[in-house]
Structures are given as C-alpha cells and as structure tokens.
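**Q** Below are the chains, spelled out letter by letter.
Protein chains: 2
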Amino acid sequence: MLPLTGLKVVELGHYIAAPFCTRLLADLGAEVIKVEPPGGDPFRGWGAKHNGHSVWFSVHGRNKLSVTLDLKSEEGKRRVKALCARADAVVENFRPGYLERIGLGPEVLHAANPNLIIARISGYGQDGPYRDKPAFGAIGEAMGGLRHLTANPGQSEYPPPRCGVSISDDLAGMYAALAIASACWGRERGNNAGKVLDLDLVSSVFSLMEGMLPEHGLFGWVRQPAGAAIPTAAPTNTYPCADGKWLCVAGNSDLIFARLMALIGRPELAADPRMATNGGRCEHAAELDAAIADWTRTLPAKEAEALLEGAEVPCSRLYDIADCATDPHFLARGMVQKVADPLLGEVLHPAPPFRFDGIAPAEMIRWPGRAAGADNDHVFHELLGEAR
Amino acid sequence: MLPLTGLKVVELGHYIAAPFCTRLLADLGAEVIKVEPPGGDPFRGWGAKHNGHSVWFSVHGRNKLSVTLDLKSEEGKRRVKALCARADAVVENFRPGYLERIGLGPEVLHAANPNLIIARISGYGQDGPYRDKPAFGAIGEAMGGLRHLTANPGQSEYPPPRCGVSISDDLAGMYAALAIASACWGRERGNNAGKVLDLDLVSSVFSLMEGMLPEHGLFGWVRQPAGAAIPTAAPTNTYPCADGKWLCVAGNSDLIFARLMALIGRPELAADPRMATNGGRCEHAAELDAAIADWTRTLPAKEAEALLEGAEVPCSRLYDIADCATDPHFLARGMVQKVADPLLGEVLHPAPPFRFDGIAPAEMIRWPGRAAGADNDHVFHELLGEAR
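Chains as they are written, first to last, in this note's numbering: chain A, 4 to 391; chain B, 4 to 391.
There may be inaccurate statements among the hints.
A pair counts as met if it fits within one copy or between any two copies, since identical chains are not told apart.
Said to hold, decoys possible - Straight line, CA to CA, 20 Å or less: simulated SDA-like cross-link-like pairs of lysine to any residue:
1. Lys-136 with Ala-261
2. Lys-11 with Gly-223
3. Lys-136 with Asp-380
4. Lys-52 with Asn-194
5. Lys-11 with Arg-190
6. Lys-136 with Arg-262
7. Lys-341 with Asp-330
8. Lys-341 with Pro-234
9. Lys-84 with Gly-283
10. Lys-11 with Pro-270
11. Lys-75 with Asp-275
12. Lys-136 with Ala-309
13. Lys-11 with Glu-191
14. Lys-84 with Ala-325
15. Lys-136 with Glu-306
16. Lys-11 with Arg-192
17. Lys-11 with Gly-193
18. Lys-75 with Asn-379
19. Lys-52 with Thr-235
20. Lys-75 with Glu-110
21. Lys-305 with Ala-294
22. Lys-305 with Gly-388
23. Lys-305 with Arg-262
24. Lys-136 with Glu-315
25. Lys-136 with Pro-331
Simulated from the structure, these hints should not be mistaken for laboratory data.
All chains, full assembly: derive it from the sequences and hints.
**A** Right, here's the structure in full:
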C-alpha cells in the first residue's frame, strides 16, 4: 500500500515533462496509463539503447502501464474518453491547442468525466503572447532566469553552461504532480477549485529566483552570476585538485575558517586581523581562495576531502555518476536499486526521492518501463471492458 | 476556494527547504502556521533588508501565519503538540535527531495526533553513514551529481558554477510538498502508507540524473559536462552578442538549420553535403558554432533575437531578473504581481507556478510574509483556545 494507491491517472505525454510528472505519481502508487502513438513515445528513440530498447525509459516509464493508440482515429478518441471516464486525472504536454484541434479538448474530456483533473504542461503556458512559439527545455532555463546565473563572473570566452539535465522539464513535471495531488485532495473535501491546470516551463524556472524579483522592484538590483562562490560568505568556493577534479569547500564560519587555515598550513591567515570576520574575509576572498587552491592542487580530490572531513570542514567532491553509484551513503539508503528488467537485463535505478516509514525503497519500484503497447490487452479488455 | 483550502500544516522550519515546501502548500490554499524561535527564523537576517525587514521573506513567508515560541520550553512544547493535534501535517528541517533530543520526536507528535503526517527534510536523510555530517545546499548539488555537469568541457581555469540558486533545497522542498499532498490524499482514502516522510537534499538532486545511472550500470558510461551544447544535436548552443549578452539558439533540425544559415549570410554551409544531416553537423559543430558566433557578435542580443524569431529559429536571450520583470509574456500571464506589503510597501512577487482555471494568479497571493510572531494572539487564543 503506497500513498497514492487507488489514484488513476492517464498520461497523454511525450518526452520529459508530462512523463516525469506521471512517473513521480506512479512511484507514489498511482495507476498511470501512458498513452503512446502506435510507434511509441519518440522519447524511446533518445539516448543509449540496449537490446534495441531505450535505457533511460526503464526509469522514465517505470510503474506505468503502456497502451498504444492513434489519437486522431475515432477508435483512439473513444478509448481516450473511456480512459478519462474512469480516471481521477489526465496529464498532457502537447503544444497548446493541439488537443482541442483533434477533438479532445477539456470540454470533451469533462463531458466524459466532469470530475476529471486536467493538467496541461507546455513551454510557455496555455495563453499569453508566446503561447504558440516552439519551446524547448533550454528556453525554460534561459527565459526563467536560471542560465544567466550559471556562469563565472567576468568570464567571456565560454558561454554559461546548461544545468546538464532537462531541469525546466523536471521542475514543471514536479509542480504538475504537486498540483494534481493537491487538486485530488481538494476534490475529496468538496473544494470547488479549478479543474484545468496550466503549468509551463518558463514559470517553473522563474519560481526559483529567490528574492530577486522583490529586490529588483524595490532597489533596481539585478543579480549577477557569482560562479562557484557566494558573494556574502568567505571562504566558500570550489577548488581544483591534483587529479583534475574539483572540490567544494565551505570554510565560512569563524571556527571552521581557523581549522581550515591550520589544516592547509596557513595559520597566520587565521590570526590575521583582516580575516577576523566574515565581512573582512569577503573583502579578501581572492587571497583566501588562492591559499586554499594552492593546497588542494597538491592532492587528489578524494584525499583532500578526507583530510578536510577529519578537520570537520564541510566539503564534497563533485560526484559524477560513478561516484553516486558507489557511494556508501547512497547505497546504505537504498538509493541505487538493482532492477530485473525483462527488456534490458539487470539495470540500476535511482530510488524515488521520498521515503515513507515502513516502505522500503525497493517496494516503490514495482516494475521497470515496458515496451510500447505492452498493456493494450489488459487495459482495453479488462479495465475498459471491451469485447475481445 | 483553492485546492488545499482546509488543509492544516505546521512548519517547524528554518532557512530554505521546509519553508519553501510550506510556501507551495500555502500558495495552494493550505493554512500554514510557521513556528519560529523568539528571535525569528534566522533566514530573516539573510539578504537585502528594507525598513529593517527581509525582502525575500515577503515571498518566502507569504500566505503563512507566524508564531514565535521556544521549542525547548515546556510552554513551547505544549503549544507545538496542540498545533499538531489539530493539523494534517507537520514539516521540519532540523538536523536529524534534534526533535527527538528536545522531546518532540515522531512518537511524541503521533501521541498528540495519530494521523499526523510528519515530513522531515535534511541534507543526507534520517539514516545512513553521513546522516550527522553538516549539510549545506552546495553539498546537494555536488553529491547529487549536478555540479559535475554545469561546466564547459576542457575548461580548467574556472570551477563549475553553482546553479545560482539554492536548487537542492528547492527540489527537496518541492518533493516534500508532493509527498505530503499525496499522503494526505491517501489518508482520505484509508491508505495505510507510512506517516513519517524522509526527504533529503542529495537524493532530491540525484533523482534528476536522467538515464545516467542505468547507462553507467550497463555500459560503464560516465556522463561528462557539455557546456551549453548538446552533444547529440547541432547546431544548438549559446552565443556571444555585441552587448556582452548571451543568446541561446536551437538550429538543429534540417529546415531550421537552412533558415538559420540563410539569415547569417552563410547559405553555402546549408548546401554543404557535410552538413546535410544532424550527424554530419555534430561532427562539424565547432565550425557551425564559429559561423553563428561570428554573426551574433555583430548584434546586440535583443536585435539578434528579433531577427532569429523572424526567421522562425527557436532562441532566447539569457534573461536576468530585469528581463523577467518586464517581459510581455510574463506580464500577460500575471507572473509578476504587485503586492501591497505592510512592512515593505509595494513589492513585486512571482506568482505561484501553477494556475487553476477560474483562479487569477493574484488570488493565490493572499498576503505577504509577516513579522515573526505576528499571529501569536490569533493562533494561541483563537485557534488553540488558550485563555487570555
């Protein structure tokens, strides 16, 4: 028994945002029926394959049922309406207006089920002047304000890097899952809130801009990128090591600073009156960063990390996926799960990012992503009751 | 009437993760009572102040009630138990073990209310070998695998930058809100799922690592940073403009590529057989990126953006907060709200990142963050029924 056991969700999704939303709901126990075109979600063609099957989809499609149908055919439309008639919620991430054009807009779906929660995810949202512009994940980062910040100040040769993952799709999917669970709770209580939900990538990123908007409004401030540093605390930064790896170190309290300077053989800096306060250290952050980097450059990242931990200075290497996969803490917490995938053999899955007492992480991964249409027979005949 | 109207939540939070979680729940309509120490959440001392009040807190504390009490005093403990007795959920982000040490652990809270959902957010989680290490937001990015990726390949002089916002706290807060809403839905349905929820910063970041873990397990692959490019598509990158700003351009379909080359005056590249396919363009991505950058460098970002949009090439400047605050689409969608704040005057708030039909964004911002203890009288006397 999981928290969302009994919740019924239909996914009219493709690529990342809507499928990520429904994967979270499925991890939490919901029955998710993923509706794919006869050729399958084009996402299945992305990235690495093994035995002809998408590797990422083992995670992205887990705990879901998959059916294939042609949304433009009469049979397909009838089945979508029948699926929605028995569902609590449907999630879609087509271009705004597409569902209406093919005759599956909110009015049609609500005619099939007046209580249906309809969550719509798009690049820019269901209205506004940019609604019809083509959207892609990077737009969310760029327009939402995040990409302006992922940069080293004064650096002009290289562009600000991407977050490295499809962060704007992920955020919109997470917000959609939260909005759906909330709307379903409210419906149980008889709340008369809206039943058509409108989420977009750019607002999802914009929502994380901390106090920047009120500060801009009051003072005209425009937050600028600070690289790996924090302008209001020192020393805290990311430093190069002998093996070419980077080490994140936070030495920015008075006591930790003293321990850090002793460890790197620069006790005179801890005793220097210029460095006695965080304010003073911020003024001389470049000098402190240089001293710390002179030390980290002499050691491989793992060794420097161990020495810093021994001195109780908060720090972490920048983990790559191999570090994550073998880290003792992640392993002890069950965050790296071995899953028997009928299509791929044994694969590693990240566990869901939430734990409930009494429920082991392994119990939340009920099955890995299945082939497109693997559940056609079960869903059409047993759940929808169509004659064979 | 909002989706979570009627849900009662107690926040034993400070700084970012738990307060961000409860702000989302409050935006969705929940009654959130934020419990602060007599001096207020130390977060109120962060960042810019106006009239002596935190500017960011206007957003971070909005739609919540604030009470102050000393968790270590008998009166404080009694009030926390009384607040939990009438609540659906409590959210805390103390160091693991702290609530138990002061006599407010899950057993005590469940004695006050057996149905209480208790959500715990921490750096590393409630168990495992790193549970007691000091955690800070940057650790989540570093250990979760994200910071390894926010870098330009081959660049060794500068460290990989932070995401620029407290992304790991935000992600953990979002997951906590989703887990709470789900657990509350399940409780309405009589689901017998766990009532103590354990969320952590490192797993929340790790959950976004796409297909990297199964790919690592099957093939030994370790994803490396790709800067602003996407290794499997070209040309798509972020390019420098004449005014020092950056422009994100996605010209990586055959048709868009041809239009882009025509626009920048390099039609011979579109006709070049080496560039006929995405695969060929990926091989020669550096040549294409140089050609595009030669063009963008001649124009201010806004002009280049307008020309690209005219040619139907997806693109976006990297918005800073001033761009966000004045963008016609954000304004049309009501994403920038003017809020009358009794402590600060008129301030700008980002609207909640989810919309429900029939509910205007302005209706979801019921009031801005209040002074610490502003609701002591109302909560202690009217809600808890204490004698005056």
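**Q** Could you run down the list of hints and mark each one as holding or not?
**A** We went through each hint and held it up to the structure:
no. : hint                 : in the structure
1   : Lys-136 with Ala-261 : between (54 Å within a copy, 19 Å between copies)
2   : Lys-11 with Gly-223  : neither (47 Å within a copy, 37 Å between copies)
3   : Lys-136 with Asp-380 : neither (38 Å within a copy, 51 Å between copies)
4   : Lys-52 with Asn-194  : neither (46 Å within a copy, 38 Å between copies)
5   : Lys-11 with Arg-190  : both (14 Å within a copy, 16 Å between copies)
6   : Lys-136 with Arg-262 : between (54 Å within a copy, 16 Å between copies)
7   : Lys-341 with Asp-330 : within (15 Å within a copy, 46 Å between copies)
8   : Lys-341 with Pro-234 : neither (42 Å within a copy, 28 Å between copies)
9   : Lys-84 with Gly-283  : neither (66 Å within a copy, 43 Å between copies)
10  : Lys-11 with Pro-270  : neither (62 Å within a copy, 52 Å between copies)
11  : Lys-75 with Asp-275  : neither (74 Å within a copy, 38 Å between copies)
12  : Lys-136 with Ala-309 : between (50 Å within a copy, 13 Å between copies)
13  : Lys-11 with Glu-191  : both (14 Å within a copy, 15 Å between copies)
14  : Lys-84 with Ala-325  : neither (45 Å within a copy, 44 Å between copies)
15  : Lys-136 with Glu-306 : between (50 Å within a copy, 18 Å between copies)
16  : Lys-11 with Arg-192  : both (18 Å within a copy, 13 Å between copies)
17  : Lys-11 with Gly-193  : both (18 Å within a copy, 16 Å between copies)
18  : Lys-75 with Asn-379  : within (17 Å within a copy, 58 Å between copies)
19  : Lys-52 with Thr-235  : between (46 Å within a copy, 14 Å between copies)
20  : Lys-75 with Glu-110  : within (17 Å within a copy, 55 Å between copies)
21  : Lys-305 with Ala-294 : within (19 Å within a copy, 41 Å between copies)
22  : Lys-305 with Gly-388 : neither (59 Å within a copy, 56 Å between copies)
23  : Lys-305 with Arg-262 : within (19 Å within a copy, 49 Å between copies)
24  : Lys-136 with Glu-315 : between (51 Å within a copy, 9 Å between copies)
25  : Lys-136 with Pro-331 : between (46 Å within a copy, 14 Å between copies)
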